[in-house]
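If you read the protein sequences in the order shown, they are chains C and V. Each residue of the first sequence is one higher than the one before, counting from 303 in my numbering. Each residue of the second sequence is one higher than the one before, counting from 843 in my numbering.
It is worth saying that the hints were derived from the structure and are not from the lab. Backbone N, C-alpha and C fix where the C-beta goes; we use that ideal spot for every residue, glycine too.
In silico DSSO-like cross-links for lysine-lysine, where the CA-CA straight-line distance does not exceed 27 Å:
hint: 1; chain 1: C; residue 1: LYS420; chain 2: V; residue 2: LYS847
hint: 2; chain 1: C; residue 1: LYS491; chain 2: C; residue 2: LYS399
hint: 3; chain 1: V; residue 1: LYS988; chain 2: V; residue 2: LYS1003
hint: 4; chain 1: V; residue 1: LYS1132; chain 2: C; residue 2: LYS399
hint: 5; chain 1: C; residue 1: LYS427; chain 2: V; residue 2: LYS847
hint: 6; chain 1: C; residue 1: LYS420; chain 2: C; residue 2: LYS399
hint: 7; chain 1: V; residue 1: LYS847; chain 2: C; residue 2: LYS399
hint: 8; chain 1: C; residue 1: LYS426; chain 2: C; residue 2: LYS390
hint: 9; chain 1: C; residue 1: LYS426; chain 2: V; residue 2: LYS847
Beta-carbon label-pair distances, calculated as ranges:
hint: 10; chain 1: V; residue 1: PRO1109; chain 2: C; residue 2: ASN442; range: 40 to 46 Å
hint: 11; chain 1: C; residue 1: ASN429; chain 2: V; residue 2: ARG1087; range: 51 to 57 Å
hint: 12; chain 1: C; residue 1: ILE513; chain 2: V; residue 2: VAL866; range: 52 to 58 Å
hint: 13; chain 1: V; residue 1: ARG1043; chain 2: C; residue 2: THR526; range: 35 to 41 Å
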Amino acid sequence: MSVEEGNAALIRLFHVHRHFHATRALTDVTLDIYRNEFLFVTGASGAGKTTLLKLLYRGEVASQGQILVDGMNLARIPRRQIHLLRRKFGIIFQDYKLIPTRTVYDNVALVLEAAGRKPSYIRKKVNSVLRTVGMENRHNALPPSLSGGEQQRVAVARAVVGDPTIVLADEPTGSLDTESAGLIMNFLKTFHTRGATVVVATHDRELIRSIPGRIIYLQEGRLTGAPTV
Amino acid sequence: MPILKLHLRRALQDIRSNRTLSLVTTSTFALSILIVSAALLFFVNMGDLIDGWRQGIRIMTYLQDGLTATDRSHLRARMENLYGVQRAAFIPKDQALSRLENQMGRQASILENLDRNPLPDAFEIQMIAAHQSWEKVEELAGTLEKLEGVSEVEYGQRWIKRIINVFNLFQLTGTIMGALFFMAAIFIVGNTVRLVLYSRREEVEIMRLVGATERFILAPFYFQSLIQAALGGVAGLVILYVMYRLIQSRIATDMAASVLQLRFLSPATMLGIVVCGMLVGWLGCHLSVKQYVRI
Ligand SMILES: Nc1ncnc2c1ncn2[C@@H]1O[C@H](COP(=O)(O)OP(=O)(O)OP(=O)(O)O)[C@@H](O)[C@H]1O
Ligand SMILES: [Mg+2]
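Same shape as in the complex, but just chain C:
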């Protein structure tokens, strides 16, 4: 299974557990994710896919076990340095998480502003990324006025605008028609070819088949060797 043995692991999970009181969202997960890998995390609803992604950018903290991301031990990162970890990631959230009161442009530009980039660079970069996702005519729209597919494209634009090392996508094609889904996947693929590590959580088998990549299966919070279906 280990396709990219030659590469160093960019992300390492070592016997990671995450439970919420009685709910065991993840149990004893040990996993290496390699540089420039395209990884699918799949499993039924409630299997722990979102929880696994959250652990990577410290949206959640492991109850037990160790997580290393690009050499950083997540348990040891002081609060004041979490932004350094977060800047390695471009995240497409399951619920988009766009700021409803800010325009499309501002939502995407936020990433670069927060990173302290020059205004001239920000303008050029945001314009170009919005053009790539086909939202160049909606710069001043507010997210609530957009369709689900359009919001998704803005979310993708925001995820990649900062040229992150790792792109995390949680159900990136969740409620989209096949055409919009194809667009998004193409975009992720392009980004992967440019050198990014991409992790996609999905239970969309169609999607998994459309792109070659490693597939891991979660079942009730555990990694299982083989597909269950």
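Using the hints, position chain V with the ligands against chain C.
Using the frame of chain C, we list chain V with the ligands on its own:
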């Protein structure tokens, strides 16, 4: 500084999208500044007035009857040698009588029936400006009283002492009230920031997720508080100035104008007030932001 411009823009955006809340905060600031600076204005002018009275303090030393001109000039020399005395002006009893007649106006006819001037000769003592503290006046009066040839010493404006005491009490209450208002202002700004932070918690969380530092996230809140404090401060001072002009025009039509020279707060004082207000805004913001970050 593009980052400053960015924070400023975000702060203004926040103010615009929370208009009511911002208006309430700014008004609170305006009111606090108005009250505090009105008290300050009162004290400044009251202080002027009291200084004026102080400068007017004169000690009258009434002389015994039957002093010769030589006695008088000796006495005068001794008085002018006393510590703190600038000048001793001789006021003969005839002059004192005509002064009295002038002061009494129409009732002066009572004096016409006198067959003899009942008033004594006197020296009017003017003090050196630097020696016009109340203790010095009392001390000097005591010394003058013991001089040979002096029958009585009077420093009519004893009531000034009482007014000064009342004024000092005012100043104390004013300071305490000012402190209370500033505390209330800190509390109210803090609350506003807390409310805005609360209404923006989703946005704040998103900013954290895309790699923004706490500093980047919170800077606009500081700017917002500073802007509101500055606006409120300026508004408060403008209102005070309008009120001041109204009062002044009232007084100017009265005869009191010559006695009461009103003046407004100096530019430096006004600047100080606005800066203090901004400090309060910053502090209020800081306290609630710190509380928020800990959650
Ligand atoms: N914050 C939380 N508090 C309590 N339970 C949680 C929390 N987050 C996740 N869980 C539980 O952990 C389990 C895994 O949730 P998770 O969201 O990771 O599943 P998922 O695989 O992403 O599901 P889906 O495909 O529906 O998105 C679920 O049983 C969920 O109820
Ligand atoms: Mg999920």
